[in-house]
Amino acid sequence: MPNWIRACAADEIEEEDLIRFDHDGRTFAVYRSPDSEYFCTDGLCTHEQVHLEDGLVMDYVIECPKHNGQFDYRTGEALRTPVCVNLTTYPAKLENGDVLIDIGETG
Amino acid sequence: MTAPAFARDYRLTGAESGPGFAHAEWYASPVPRKRMKELMKRSDRAGLIDFGLWAGLTIAFGALLIWVWGSVWAWPVALVYGVLYASGAESRWHEYGHGTPMRTRWMNDAIYQLASFMSLKNPVLWRWSHARHHTDTVIVGRDPEIAFPRPPSLLNWALNLLHVVATGKEMWKSLRLSAGLLTADQKDFLPQSERPKAFRAARAHLGILILAGIAANLLGSWLPLVLIGGPTFYGSWLHHVMATTQHAGLAEDVPDHRLNSRTILLNPVFRFIYSNMNYHVEHHMYPMVPFYNLPALHEDIRDDCPRAYPSLLAAYREIVPAVIRQQTDFNHYVRRPLPAGAGPTPAYQRPLIAAE
Numbered sequence: 002m003p004n005w006i007r008a009c010a011a012d013e014i015e016e017e018d019l020i021r022f023d024h025d026g027r028t029f030a031v032y033r034s035p036d037s038e039y040f041c042t043d044g045l046c047t048h049e050q051v052h053l054e055d056g057l058v059m060d061y062v063i064e065c066p067k068h069n070g071q072f073d074y075r076t077g078e079a080l081r082t083p084v085c086v087n088l089t090t091y092p093a094k095l096e097n098g099d100v101l102i103d104i105g106e107t108g
Numbered sequence: 006m007t008a009p010a011f012a013r014d015y016r017l018t019g020a021e022s023g024p025g026f027a028h029a030e031w032y033a034s035p036v037p038r039k040r041m042k043e044l045m046k047r048s049d050r051a052g053l054i055d056f057g058l059w060a061g062l063t064i065a066f067g068a069l070l071i072w073v074w075g076s077v078w079a080w081p082v083a084l085v086y087g088v089l090y091a092s093g094a095e096s097r098w099h100e101y102g103h104g105t106p107m108r109t110r111w112m113n114d115a116i117y118q119l120a121s122f123m124s125l126k127n128p129v130l131w132r133w134s135h136a137r138h139h140t141d142t143v144i145v146g147r148d149p150e151i152a153f154p155r156p157p158s159l160l161n162w163a164l165n166l167l168h169v170v171a172t173g174k175e176m177w178k179s180l181r182l183s184a185g186l187l188t189a190d191q192k193d194f195l196p197q198s199e200r201p202k203a204f205r206a207a208r209a210h211l212g213i214l215i216l217a218g219i220a221a222n223l224l225g226s227w228l229p230l231v232l233i234g235g236p237t238f239y240g241s242w243l244h245h246v247m248a249t250t251q252h253a254g255l256a257e258d259v260p261d262h263r264l265n266s267r268t269i270l271l272n273p274v275f276r277f278i279y280s281n282m283n284y285h286v287e288h289h290m291y292p293m294v295p296f297y298n299l300p301a302l303h304e305d306i307r308d309d310c311p312r313a314y315p316s317l318l319a320a321y322r323e324i325v326p327a328v329i330r331q332q333t334d335f336n337h338y339v340r341r342p343l344p345a346g347a348g349p350t351p352a353y354q355r356p357l358i359a360a361e
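Chain order of the listed sequences is A and B.
Every position in the first sequence, counted from 1, becomes a number in the working numbering once 1 is added.
Every position in the second sequence, counted from 1, becomes a number in the working numbering once 5 is added.
With the rest of the complex left out, here is chain A (with noise of 0.2 Å):
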């Protein structure tokens, strides 16, 4: 069942760059791509759990900030050794200026 939920106004991303959203105990990463489109996945790394918060965004890959283990954050695929394991993504639109994410089922 579809949980949408605001994560942020959309212009607070900038172009080819994301934040850090926590909600619920959870952490996630939403991502605004160079032509504005808006992704989002779990905010940490498949390999060591370091926060892709301080990463990079370039195109369509986040980079993670400590190993440079790189995912196509539109999919989640893992890009790049050290990581192995694909990111977890979810749904998100725009709507009235603001990002909403879809996390699904929670508790």
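Just so you know, the hints here were simulated from the structure itself, not pulled from any lab data.
Each residue gets a CB set at the ideal place from its N, CA and C atoms; glycine is no exception.
Some hints could be false.
Per the computed footprint, the stretches of chain A lying under chain B, defined by three or more beta-carbons under 8 Å from a beta-carbon of chain B, are [stated by the list, open to error]:
id	segment
1	51 to 59
2	63 to 69
3	93 to 102
For this one, chain A is given, so just place chain B on it according to the hints.
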């Protein structure tokens, strides 16, 4: 002098191989996100200028070496060629392994493969080893790249001026990996899925060295081995001298790179050879910043860090007495004073597992 209770166990599968600091809060000097994005920005142009200059000089001196081979001029030319080849490759292996110099990712990976061979390092094994080094920097029992375990071996350090111990180890690793064998420590940080790649890379490296050996035999000349493979022995000394300053004699088990790493100031020639790794505190604190932006990062956070050493000599004035004292006093280390107003070291205690 405090008598040590025990020598520590640096093995990754030994008595102290407990949880690392992966989930610990490591100190990072504050840098606004906007500024950090500027510093992390990559440039193919900057990367290609550096790589082009390095590769061009190495090839030029290699060609000159072929030309003067057999004359007395071969010695000084080989000295320069060897340093460019091996010391230059050591630092570029590191930089391109981080994947930060070039915006175009395949170029980072291609240069990483080349530099890995030139420094006789297995590209797969070392990528994973180095990732652990950044996760658990100088954490005993976790960091596979602690170059100066206490007591430090001064004999090994001296032998490594000719890369004897280091390359001996690497060649032994390559032989074992070629046969599909891993040590317990290697199994600790190299995932199963990566192991076949490490085996293939080891076989490729050995194959190239064997070809160079065959060429030397057929030509009846050492020249092929002086050009390929050999420089790792006779040309790594400058990198070794500079890289010694990175962590030697400093604190272990502290989640603050200001206390376990050194930043030293070097002349432009050494910085070119060393790819600015003299800014080592900055590199560890923000490993995504490409080497050509480290001087700017240094300026941004210098007031939050211990004073940079003004020269290589100044660093060695501290390191030499420290490592000599550590021969008998395993608890001794250099304490780096933080400047007034600097951010505090996180009060994090590693869940220690006492060694026997």
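Starting from the hint list further up, note which numbers the structure goes against and sort them upward. 3
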